[in-house]
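A.B. asks: Each chain, letter by letter, is given below.
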Amino acid sequence: MCFKTLPVEFDDRGNATLRGGIPNPYDVTVAKPHLARSDVERREGIERLVARNGHIKDMNMDPVTRIAGALAVHVTADLEKGAYLDSHAQATLFRGYEVILMGRDPRDAIFVASRACGVCGGVHAHAAAYAIEQAMGICPPPLGTVVRNMTEAAEMGYDNPLHLYLLAGPDYSEAVIKSSNPELWPLAEKWSCVNEHIHGFKTMADLMTALNPLTGALYREGLEFTRLSREMVVLLTGKYPHPENVVPGGVSTTLTLQTLNEFHSRLGKIFDYAQRMMAVWDDIPAFFYEADDRYQFVGYRPTNHIDPGYWDDPYAYDATYENCNAWGEKRWSTPGVVIDGELVTTRLTDINIGWEEFVEHSYYDESSTSRYSHDMLGNPLSPYHPWNKRTLPKPGARDWKDKYTWACTPRWDRKVVEAGCYSRLLMTAMAQKLPASDFISATGTSMRLLVPKGEVGEREVEWRVPERWNAFERNRGRAYHYLFSQLVALESLLEAYKLMKQGEKRVAALDPSALEKAIPKDERVSVGWWGAGRGWLTHHLVMDKGKITNYQICTPSTINASPRDPWGQPGPYEEAVMNTPIIEDVSDPARFTSIDMLRAIRSFDPCMPCTTHVHTGEGEVVREVNTCSCGGD
Amino acid sequence: MADRQTRSPVREPRTPAQELLDELGPVTQFHDTSHLGAFGMPSGAMTEDMLSPVATASSPTRFGPLEKVHAFWFAGASCDGCSVAVTGASTPSLESLLLGAHPGLPRVVLHHPVLNVESGAHYLRPAEQAIAGELDAPYVVILEGSIMDELVANAAGGYWSSQGEEPWGPNGELRPVTATEWVARLAPNSAAMIAIGTCATWGGIPSAEGNPTGAMSLMDFLGKDYRSVLGVPVVNVPGCPPIGDNFNETVAAVLYFLQGFGPLPEFDELGRPAWLFGETVHRNCVRGAYYEEGSFAKEFGDPECLVEIGCWGPVVNCNITSRGAINHVGGCMNAGGACIGCTMPGFPDKFTPFYKRPPGSMASTTVSRMVGSVIRPLRKFSNNNLNREVRWDRQGATPSAFSREKSEPSALSHASHKFYDTLRRSSDTARNDADVWGKRDEAPSGGSPPSRA
Ligand code: SF4
Ligand code: SF4
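One line per chain: the protein sequences are G and C, in this order.
For the first sequence, our numbering gives the first residue as 1, with consecutive numbering after it.
For the second sequence, our numbering gives the first residue as 1, with consecutive numbering after it.
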């Protein structure tokens with residue numbers, strides 16, 4: 001393991017130290033990634049082009065719909081060359097949840113943090129619980145962890161079809177294809193679906209008709225299955241999206257055989273559906289790649305991904321930072337970082353110490369601190385690390401060269417990484433460290449998943465690491481992740497039966513009065529590593545004298561929607577848009593819909609509510625008027 | 001900012017909505033549609049136009065005057081959880097509202113950022129038409145999430161939450177338009193302003209102590225005197241998240257009334273649907289009888305009443321225990337979650353820290369423990385008797401292998417049950433002496449045992 005940009009070295013045992021002799025080793029002018037040209041120069045060049053050429057359009061799409069929350073995307077499109085020359089992703093919402101958490105009793109964190117996002121339900125409540133448990137040293141009993149895994153796996157069962165059919169699906173529907181890509185429709189009518197025997201659609205045109213918003217059969221089936229999975233979740237959590245059952249040290253679910261059976265019976269209906277879902281999202285890329293090779297580049301980005309893992313081993317997880325590398329690697333979904341297609345680490349400590357968040361292009365004042373120079377194991381930390389971060393919101397005028405979004409800029413080793421539920425497949429496939437299972441295995445380049453028999457027969461399917469990450473592979477990966485998560489639900493359910501068979505009843509470590517007594521009075525620092533519908537989720541917590549003194553949430557869509565970093569590297573949405581060819585017919589510029597960009601953006605499953613969360617230590621708004629006038633628009 | 005959050009709305013001459021509009025000034029122009037082209041409209045048609053062939057009912061099958069209603073959905077400081085809750089609803093479901101497939105209801109033309117096919121300026125075109133008074137049907141505005149104090153952000157040249165851009169800047173330049181501003185501009189001509197979820201109804205988490213945005217509820221924003229064009233004050237469907245069915249049912253109930261066949265829906269003094277929020281959640285709680293008998297959960301996960309592990313149910317207006325969270329499944333206490341009062345105006349700050357018994361419950365739990373210590377054994381006693389067939393009493397033995405451990409009732413309990421039976425049957429008309437001439441005295445197989453009474 002080594003960092004390429006940050007001056008951090010590792011000894012044989014994996015302990016990190018700062019390379020000696022570098023003054024200000026974390027300064028943005030010292031440790032910088034290699035870049036061809038500066039972003040400001042590039043933007044100025046583009047503005048000159050726009051001024052001169054009529055076929056270059058500078059447009060802002062605000063709001064981008066069929067995503068969760070508020071996102072706008074600005075593009076500069078060269079309609080003659082068929083290229084997006086520039087792109088800016090703007091998160092247009094700030095709510096200040098972390099500020100609200102600061103200064104509170106840690107027992108408030110779970111229910112307050114949960115409200116950071118209502119799209120994928122309980123993920124924030126869980127991440128907050130993990131952060132508190134680490135800070136307070138409370139380890140949930142195995143059944144508590146198993147219930148959490150069941151909950152969170154079932155939640156993915158809602159999240160993935162919601163995205164594939166309600167949000168992204170319409171972009172591939174008859175309604176959109178006939179209007180945006182009319183040249184594809186006759187091809188679709190002729191194209192016989194490879195997987196007709198599984199999903200039942202004879203031609204691609206039939207399949208596309210089923211994707212039509214609200215009226216299409218696949219759209220409606222997807223909506224129904226989101227409801228079924230939500231029923232599974234509320235059996236354990238009481239309500240959806242915000243769970244009522246998450247407590248520090250476990251859960252408060254009253255678990256009976258009825259609970260398990262009701263969960264089980266609903267899960268049993270899902271596997272046939274998962275087969276159909278994968279069949280649909282295998283056929284769509286096959287058709288598009290065949291129709292036009294350029295679709296390989298819609299939403300393309302190099303394979304740079306990050307994920308902190310998901311779903312704990314109930315016997316390995318001990319809620320400590322000290323042992324996090326051991327229990328982290330035993331998660332159903334392995335933590336890891338992949339850079340340029342290489343798995344560089346699976347250790348949570350490496351993931352943590354390489355993490356920084358910048359605000360150069362976001363509506364915040366700079367406020368990195370040097371409060372913590374090392375983590376609890378003595379590994380060096382950056383002043384931009386979330387434990388050191390004290391972000392001051394500062395609403396101001398939009399300027400593409402300066403500040404233009406409420407999202408901040410997380411980077412790992414100062415590289416642009418992407419988060420997604422499909423990143424779980426990638427890490428787990430490459431690392432080959434997942435627990436032994438009859439249903440899930442990893443080969444180094446693929447995941448093999450055994451679908452248990454439902455009304456249709458059992459089947460083994462394989463998800464292979466794609467050669468090129470693009471919009472189609474993200475959607476395909478999401479369909480396979482649906483099955484992966486439901487198999488984790490099955491494995492966890494079986495574990496719950498086993499524990500119940502052993503007479504195990506405890507679902508939480510402490511009762512309420514013991515919990516109150518366990519709140520430490522000294523200073524504690526911790527992190528909850530968890531996952532969301534879109535991948536990565538972390539809550540970094542600092543508490544002192546029994547109360548929360550700093551709280552930093554980092555969500556997958558913050559990572560993906562991030563603006564330029566201090567070196568001008570565009571965030572994942574921006575990069576993906578700039579790599580996207582304009583394939584739609586724009587011979588008449590008035591007919592330019594920007595569908596290729598929309599497919600690229602939506603393939604990330606943007607979820608903005610929790611993207612813009614990050615906040616001030618003071619809770620005070622800096623009211624000074626931003627004097628930079630808008631240069632770019 | 002503190003003064004803006006604490007001053008009295010009663011003494012303040014202008015509502016926050018008026019203040020914002022005064023600051024921003026009137027709007028005169030909108031996007032030039034001829035310049036928009038197809039940008040952001042991949043299906044070449046608005047969602048409404050795509051659906052209207054399937055969604056429109058011919059006049060003979062309409063039950064009332066309305067053919068369609070526009071619904072503008074705006075998100076302030078929200079987590080989108082209310083939208084998610086509504087997609088889970090089934091009474092009626094979202095899709096049946098949008099497809100005009102709920103008999104008697106007008107089709108609902110929903111403008112929702114998570115669902116619509118078109119993006120960008122096209123998406124906001126109907127909202128512009130509503131402001132200009134050019135919309136082809138009445139509209140309602142639904143707000144999810146709280147209203148943030150945009151005056152503060154505006155003074156710094158920015159915004160907290162924006163949705164779209166309009167040519168409302170100086171000299172007709174495009175500028176981001178906040179959700180708050182859209183709501184303020186749409187409210188005067190709206191048929192109803194509906195707040196969904198606790199953030200929009202009472203401010204909720206975004207307005208909790210220590211918030212930096214000055215977040216407030218829709219009522220706080222529009223003020224006490226607000227009335228829609230139908231004369232209705234702000235309607236509030238709280239919950240964090242709300243139960244999707246509570247919201248859809250409220251919308252449907254209002255429409256049933258407007259179509260002329262439904263009763264006038266009743267709203268309580270805070271604008272909540274009274275038939276949904278009139279009871280405390282405790283009254284319909286599946287664990288309520290544990291409270292009555294004085295049995296309380298000690299550990300998380302225990303099956304008894306949750307009040308001592310932090311449940312506020314007895315003083316919270318909510319119907320989740322009877323309605324369930326989705327498709328009648330779930331419910332906080334049903335699953336083992338203590339009520340944290342998420343439907344209440346006092347949420348969250350009047351309920352924190354969580355996982356701690358409400359101090360006020362002390363008196364009533366002490367009383368119920370005392371009563372319970374008497375009631376519980378008596379109930380157990382009767383319950384034991386009712387768990388026996390009459391035949392077993394007669395035979396003096398229970399033929400169940402599961403119950404081998406259980407001893408037969410003592411002579412004393414046998415006698416008390418007999419006494420109890422006498423009481424029970426004291427007014428039983430089967431004891432009257434009419435001649436039951438329709439049946440033989442003796443059944444062929446010997447019949448049932450003679451009554452002990
Ligand atoms: S769990 Fe809560 S709502 Fe239910 S009986 Fe106890 S106090 Fe009432
Ligand atoms: S029972 Fe309490 S916490 Fe649960 S939904 Fe109702 S008000 Fe909210």
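One thing to keep in mind: the hints can contain errors.
As the list claims (entries may be wrong) - Using C-beta positions, here's what the derived DEER-type ranges look like:
#, chain 1, residue 1, chain 2, residue 2, range
1, G, 80, C, 257, 38 to 44 angstroms
2, C, 132, G, 82, 47 to 53 angstroms
3, C, 270, G, 589, 50 to 56 angstroms
4, C, 132, G, 194, 57 to 63 angstroms
5, C, 369, G, 502, 30 to 36 angstroms
6, C, 173, G, 194, 47 to 53 angstroms
7, G, 42, C, 353, 26 to 32 angstroms
Claimed, not checked - Stretch-level coverage of chain C by chain G, calculated; a stretch enters the list once three of its residues show a Cβ under 8 angstroms from a Cβ in chain G:
#, region
8, 332 to 338
9, 367 to 380
For the record, the hints were derived by calculation from the structure and aren't laboratory data.
We put the CB at the ideal spot given by N, CA and C, even for glycine.
A.B. asks: Quick check: do three or more residues in the region 367 to 380 of chain C have a beta carbon closer than 8 angstroms to a beta carbon of chain G?
C.D. replies: The restraint on the region 367 to 380 of chain C is violated, since only 0 of its residues have a Cβ under 8 angstroms from chain G and three are required.
A.B. asks: The hint says 38 to 44 angstroms between residue 80 (chain G) and residue 257 (chain C); measuring C-beta to C-beta, is that right?
C.D. replies: violated (57 angstroms)
A.B. asks: For residue 132 (chain C) and residue 194 (chain G), compare the CB-CB distance with the range 57 to 63 angstroms and indicate the outcome.
C.D. replies: violated (51 angstroms)
A.B. asks: Given the range 47 to 53 angstroms, decide if the beta-carbon distance of residue 132 (chain C) to residue 82 (chain G) lies inside it.
C.D. replies: violated (37 angstroms)
A.B. asks: Check whether three or more residues of the region 332 to 338 of chain C sit with their beta carbon closer than 8 angstroms to a beta carbon of chain G.
C.D. replies: Since three or more residues must qualify, the claim that chain G covers the region 332 to 338 of chain C holds, with 7 doing so at under 8 angstroms.
A.B. asks: Do the Cβ positions of residue 270 (chain C) and residue 589 (chain G) conform to the proposed distance bound of 50 to 56 angstroms?
C.D. replies: holds (53 angstroms)
A.B. asks: Measuring from beta carbon to beta carbon, are residue 42 (chain G) and residue 353 (chain C) in 26 to 32 angstroms?
C.D. replies: violated (51 angstroms)
A.B. asks: Can you tell me whether the CB distance of residue 173 (chain C) to residue 194 (chain G) sits inside 47 to 53 angstroms?
C.D. replies: Given a distance of about 51 angstroms, which is inside 47 to 53 angstroms, the answer is holds.
A.B. asks: Just tell me: holds or violated, for the beta carbon distance of residue 369 (chain C) and residue 502 (chain G) against 30 to 36 angstroms?
C.D. replies: holds (33 angstroms)
Violated hints, in rising order: 1, 2, 4, 7, 9; the structure is consistent with all others.
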